[in-house]
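Asks: Protein chains in written order, with this note's numbering: chain A, 25 to 339; chain B, 24 to 399; chain C, 2 to 520.
Think of the hints as simulated: they come from the structure by calculation, not from any bench.
Quick reminder that beta carbons are idealized off the backbone N, C-alpha and C, glycines included.
Heads up, none of these hints are tricks.
Which chain B residues stay away from chain C? Per the calculated CB distances, all over 12 angstroms, these: (1) Gly46; (2) Phe74; (3) Val225.
In silico DSS-like pairs for lysine-lysine, Cα to Cα no more than 25 angstroms straight-line: (4) Lys317/B x Lys116/A; (5) Lys295/A x Lys35/A; (6) Lys205/C x Lys187/C; (7) Lys114/A x Lys317/B; (8) Lys317/B x Lys399/C; (9) Lys223/C x Lys210/C; (10) Lys113/C x Lys225/A; (11) Lys116/A x Lys225/A; (12) Lys12/C x Lys223/C; (13) Lys205/C x Lys507/C; (14) Lys113/C x Lys199/A; (15) Lys276/C x Lys484/C; (16) Lys253/C x Lys448/C; (17) Lys317/C x Lys276/C; (18) Lys199/A x Lys121/C.
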Amino acid sequence: MLEQLLNSILKADFLFAVLRITAPILFATLGAVVAEKAGVVNIGLEGTMMITALFGFLIAYWTQSWILGVLGAVLVGALLGLMMGFFALKLKTDIILAGIAVNMLGAGGTIFLLNMFTGLRGNTGNLVSPNILIPTISIPLINKIPILGEILSGHAILTYLAFLFVWLMWVLLYKTPVGLNIRAVGENADAASSVGVSVLKVKYIAIALSGAMAGFGGAFMSMYYSQGWNSGMVAGRGFIALAAQAMGRGEPVGSMLSSLLFGMAQALRTKVSGLQGVSSYLVAMIPYLVTVIGLVLYSIGQTRKMRKHSIRPVL
Amino acid sequence: MRDRRMAWFGIARGAAAITLALGVATIFIFLSSETPWTALRYLLIGPLVTFRDTGISFNAQYLYQILAAMIPITFTGLAVTVMFSANQFNLAGEGCVLTGGFIGGILGVYLNINSGWHAVVAVLIATLACGLVMLIPALLKVKLGASEMVTSLMLNFILLNLVNHYLNFQFADRSKGATMTKPFQPTAIIPSLVPGNSKLTVGFIAAMAATALVAFFLYRTRWGYAIRMIGINESFALYSGMNVGGTIILSQVIGGMLSGMGGSLEVLGRYQTYLWRDLPGYGWVGITIAILAKNNPAFVPLAAFFIAYLNKGCLLMSTYCDVPVEMIDIIQAAIFLFFAAEQFLSGYRQKLVVKTTQEDLMKLDASLLNGGENHA
Amino acid sequence: MEPSELVVQMKGITKIYPNGIAANRSVDFSVRAGEIHALIGENGAGKSTLMKILFGLELPTEGEILVNGEPATFASPLDAISKGIGMVHQHFMLVPSLTVAENIVLGMAPRKSGLFIDYKEAVRLTMENAEKYNLHVEPDARVADITTGMKQKVEILKALVRGARVLILDEPTAVLTTQETVGLFKELKALREQGFTIIFISHKLNEIKELTDRITIMRGGKSVGVFDTDSISEQEISRHMVGRDVILTVEKDEATPGEVVLQVDDLHYVNEWGKRALDGVTFSVRSGEIVGIAGVEGNGQRELVDILFGLRLPEKGDARVGGKSLIGQPQARIRNLGVSYVPEDRMTFGIAETGSIEENVISDRFHHRRFNRGPLFRMKELHKESDQLILDYAVLCKARSQEVGMLSGGNIQKVVVAREFSSDPILIIADQPTRGIDVGATELIRKRLVDLSRAGAAVLLVSADLNEVMELSDSLIVFYEGKIAGCFDDGLWDDVMMGEYMLGIKRQSDEEIGRASYA
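Required output: the full structure, derived from the provided sequences and hints.
Replies: If you want it as structure tokens, here you go:
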């Protein structure tokens, strides 16, 4: 059995699958990263992905254009972020509760909306057609390289975009004035406001960006990964993103690595569940277990650091 | 004066939030339905009545169904109340409901106790098991400072897969088409309180008893007191000499136990076999209820009734009209957002505070002036 | 620019906070262009409030501000910055993970190609200004990694880069080592040469003598006077600072001290800024006496109290009550030893704001047998206890169920004190027990403290209010820079003498200081 497993993992198509599976998690993780950098916990990523997955798909279906679908999903994601921001920053709803509300909308509200718009229940069924799916591209030259070509070429455009966004997010956070403000606000809001940076504005920007990232993830799910929308499709990816962010120490590159870890765990699950005598459910636990273990290791490190200084334990 | 003004303000604000949420629902009903007025009628008064050509008559079975639906969500509402009271954002109630239901169900099938104690033992073991499960996020929080929110969210999915694994590989009844356990033994089934098929079981009494117990626990015992003080100000609790870590663990364990009890009562009361394949959602509803009840256990049944009523209304709308049942999630989310919004109508609240404070300050000034002269 | 030109004038500034405390009362304050002007006064004298008003952090209730002769209103720090006023806060307003250059350009980052930060330009700007003002910093270092002294330079640069001509420095030397202080003074003098105006808030007389041109002394929310630094002696400054306004006298009998209750031995502690906050402190407190700790805030009192209550761990040394060590013990155990504690920060440690009065007065004893029957509270006993305490300590309220946060400051403190004084403590640590509360509550709390000590409790009173420690204490210990500067047990002390010890003008011999301990 182990041999079987190794055989299937050590193939190019496994690593190809890892990249494909990582992409939506990575989008959401980047969303968690930018929000967290500004000191905002976006627990609504899960619901945002569900809602944007639906709208992305529907818009693509109505316009018969996958590009408009993706843009629509991103826009809806940003609007949901702003809505959370409005409730949390303006009306002072606890940001976690605002996120939970978005998740509720994502769980049931999407089914309602789908029904309202199309009369369908629970999934988009036969609305799907090739021209509304995100196309894959084969990269010239690279696709000629054996193995590497098989792994890297032929992905959906958004898969490449996800990894490109890691770099863009890094540029945004570390090379632009907006990013500087985001980091300053998240770390010491008083310092930022004492030099005239609007803390509120910066937080709105961050959470809208966070929602937009989740929008990419949602569009990827319904317009490529699952080839249609269904009510159980996000399956905790938004929550995993929060953990990936924490494990990646909130940095774009670190978070990409932890996203890849979850992607790998997920891909492993698909591989293993095909094998005889292995419980797909136990394998399905792996990403979540890995998350908890990662978080525990991270926390142990943090606790050690804290103990070094005998500072008054302000709780 | 101030207290009473503020109390009234709180009630008015809650009512406004609910009205607003229902307003949002109405908009969606008008957007989605061909017969919005009928739908609205089903949502608002339908849950308790039967519409006939001759008029409207009270429908007792509907009431029983609403009360029955309150059972699991009262438990999860209480669970969240206890955990939020200690300021613990543990969201694993969902997974505990499932686990409790599963353990209760398995014991209902395989335990051999030839009396009503069968159900009691099954529920209690499920309850304890879920308390133990909650030790995981609680200990990780207290010992390592790992956010209970993230670990509890992950725990939900771990529990879901673990339960599904055992269901599929150990306990599935292969003679059935769908994945489910063998039927529960009759002794394990929670008896009904009323005739008919409403599923209003003894579980309802248990839910009310749990409400009373939790209310007593939070407001009449030393542990509940410590939980609430930690929730208000952890530094204060520490400085007062309370066992902060232990109390935080206790609050989460109790949360797990209540969720597990709710899950097992639901499974053994509503079904003939265990057949959940996915997280049932009661844990999340519990959060809505705790928010509606303002973390006060005494109000939890009220909030649960309200949600169950709306749920029934949504169900009727989807049965007799063309409004999907998931309307309930939109209503819930809207209630949630407005109800939890501290600054909702804050302009008015601010005026109230300023007015009262000014009155107080004038009195204070007067007394200070007198005091100052005495000592100058 | 004429050297005598007034760059900032504040006229008739009054500030009454919403809680009724009048922090400034008709204060006149003015600064000449190109001078270093000291603002000095005891804690609570109103210096900080005055400077917050000047920097736009607080709005004055009355009064006007003139900058270069023109009226100005400051609704936010941005307004003040645009008028050329910059402030270096005592707690630095820096973002630790950003580099020095990034901190300096935060909110005004130079751009390249429209979108990106021109980091090179930020570094260049930093370097240029660092050269110009002789404030040497490492532009590429992360603020988290640099020394406190350099952080301060970054703060000063931040203000200068934003065009500040007037710099407010709030106790800048409090966090610096001696060498860093020497460096800072050189830099400040150089800035003065270049025509900058500096307002320097400090408690340290030697620094003020060395650095400043003029001095404004504040006391009790008012300005006591403006002096040329050269024409006033340290003794005179001290006398102006600590002169008495309202004297609350408390009747008290002669103390009859008994056994040693608290023994503190050779405590050493380095605080989170790497400063030696406690440097070998040894003293005892006996039953039946009140030992007062006087001193300007920030000389180690805070750290001492935290260590005694298990909130910090010392590098070295011990503190024992009845022979049992308090070091690093859980608070429950410390309380079980008979220690009670009136915390300085009552809103954080003293109360649960949204809890009821009852819930707040029982927080240290709710688990006692007399309040519990089996698993349940004996509500009647709890009600009785809290009603009694409300009565005993004259807490002005409608009912025991009233939210504590809704009470006035004085009544909140009465709630804290009611709890801490009523648990039959053998040692009471009272940290600033009457700060910011009304006269009635102050009197009641002081009287109770004396009563308890005469009934046999040991009392350690820490207070920045000199009147309070002098009035209440049976013996007095003065803290200066983490050490005991003097100890007195003859009751023959006055404010002038105390001021000299508190401000480091005088220090007793080691032998005399040794009398603080009876071990």
